[in-house]
Amino acid sequence: MTQGGFGSGAAGGTPDRSLRLVGLRKEYVRGTPVLRDVSIDFAPKGMTAIIGPSGTGKSTLIRCVNRLVEPTAGQILFLGRDMAKLHGGELRTARRRIGMVFQEYNLVERLTAIENVLCGRLGYVSAWRAWLRRYPAEDIDGAFELLEAVGLAERAGQRADALSGGQRQRIGIARALMQRPDLLLADEPTSSLDPKTSVEIMELMVELAGRRDIPIVINIHNVELAKRFAQRIVGMTGGSVVFDGRPEELRDEHLKAIYGGEAWL
Amino acid sequence: MSAASRRNPFPVNWPARVAWVALAAYTVYAASLFQLTWTRFLTGIDNGAKFLDRMFPPLLGKWDLLWVGMSESVEIALIASALGVVLSVPVGLLAARNLMPGWVTWLARGLIALCRSFHPMIVAILFVKSVGFGALAGIMALVVSSIGFIAKLFAEAIEEISLKQVEAVRATGAGFANVLIMGVIPQVLARFIGFATYQIDSNLRNSTMVGIVGGGGIGATLFTAFQRFDYDFVLTILITIIALIMVGEIVSGWMRRTFQ
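These protein sequences, in sequence, are chains A and B.
If you read the first sequence in our numbering, its first letter stands for residue 8, the second for the next number, and so on.
If you read the second sequence in our numbering, its first letter stands for residue 104, the second for the next number, and so on.
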């Protein structure tokens, strides 16, 4: 398997990083779809932001991509395979190529910052090595480089539960990039953060992923942040796509269609 | 009827009141069955005073007998704790309903329930009858009770972990073993150490007792001393056991702090 370096984009041998969803459907309860046959093509680079009201299936959509949620029907075409059809070891191998950043950071609280970053390599190291914390030297170097890149090099040995929200999300980003992924998923990564930290986190994500040519698919509540950082915006409501275009094309009538009502505008 | 009485904020809970009265009546009835009278109590107290009198002063001697018994008890406790802790990890893991399929957890929970159903003394008698007198029977009895305790609490601790942390580790493509090692164990390790040290405490106590039914350790010495009316030696043994339990308490407290 070819792997890019940590310093900059994976030169040469970079696979096609585009993601295609075809007729993606998810029903938690039979007969009441949360996702109604959604088809979207994501570009192999840049950020695509998915906006929409709570409970409209954005989180479900993003979790279907790496199969944390089982889709009911449809195809998830990525790196030449249909993610929806993979099982067991094949699924885990495919998951290694997809990094994920979470709303509540989801760090392992009792592990240190550096251990959390190294969790990004768990798809590659054996259980024995993970238990003894014997990661390959290049992974350890890579983890320290990433900690440096997110500005937390001096926090390496601190436990995750001793870090602030913004710091935790930085570790979350470092963990995702530690996978040297071909795709970065972000599920409301700024919703638990204050406005200033939110912008810093978005900048960091865009910069670090951009340097490595990793496309980002992000769920986000904050329309202003979406317009500022994404090259494309997908608006969803009731499990279907109702807007798909560039940020400057997003008008009030689209927002009305996405969120309903207009008093809030 | 006035408005105030219709709106009583503290209505009488009749079922509870009836239950309390019934409980009191039963207690009085049960006491009458055993002829628990004041005179019976006074004779008992009198006898107790004589017994205490014969215990003092504690016998300072028979050190070799004391040493052999105590050291065997400590060995039984430590070996049983080590085996019990090691065996509790897989059993507790298999019993955790948030990680394992239903039928597996039922099997594991059945095993735990079986280990918990009998007092260690009864288990010790069973093992003495099946494998013969001596420390082996005592160790096996305490291993059983250790599994019953640690595996149950361990399973409950695992069921209370944050699945968000586990989800994130799963999302990296980690296999099941690595999810356990980096996503689950860090969340429960401190509590597991707590249960284990508590069990060592408890095994120390129980290991002084299994000898009474032939399971090895100081219990046998204690039982013999009782039967020979060597009450002064009984007191020496009891004081030594108290000292041992206190040392165990200190050591386990120190262990818990180390692993917070």
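To be clear, the hints were calculated from the coordinates, so they are not data collected in a lab.
Be aware that one or more of the hints could be misleading.
Distance ranges between label pairs, derived from CB positions [what the hints assert, rightly or not]: (1) A/171 to B/192: 50 to 58 Å; (2) B/192 to A/88: 32 to 40 Å; (3) B/210 to A/94: 55 to 63 Å.
Sample of chain B residues facing chain A (criterion: CB under 8 Å; computed from the structure) [stated by the list, open to error]: (4) 112; (5) 208; (6) 210; (7) 271; (8) 277; (9) 333.
Keep in mind that this is a model prediction, so the values were computed, not measured.
Don't be surprised by glycine CBs; every beta carbon is placed ideally from N, CA and C.
Consistency of the hints with the structure:
1. For the pair residue 171 of chain A and residue 192 of chain B, the supplied restraint of 50 to 58 Å is violated, since their beta-carbon distance comes to about 34 Å.
2. About 37 Å separates the C-beta atoms of residue 192 of chain B and residue 88 of chain A, a value consistent with the hinted range of 32 to 40 Å.
3. A beta carbon spacing of about 25 Å between residue 210 of chain B and residue 94 of chain A contradicts the range 55 to 63 Å that was offered as a hint.
4. At a threshold of 8 Å, the smallest CB-CB gap from residue 112 of chain B to chain A is about 41 Å, leaving the interface hint violated.
5. Of the supplied interface hints, the one on residue 208 of chain B is violated, with its beta-carbon coming no nearer than about 22 Å to a beta-carbon of chain A, more than 8 Å.
6. For residue 210 of chain B, the interface hint is violated, the least distance from its beta-carbon to any beta-carbon of chain A being 23 Å, above 8 Å.
7. Taking 8 Å as the C-beta cut-off, the interface hint given for residue 271 of chain B holds, the closest approach to chain A being about 4 Å.
8. A least Cβ separation of about 4 Å between residue 277 of chain B and chain A falls short of the 8 Å threshold, and the interface hint therefore holds.
9. The beta carbon of residue 333 of chain B comes no nearer than 53 Å to any beta carbon in chain A, farther than 8 Å, and the hint placing it at the interface is violated.
The structure is inconsistent with the numbered hints 1, 3, 4, 5, 6 and 9, although it conforms to all the rest.
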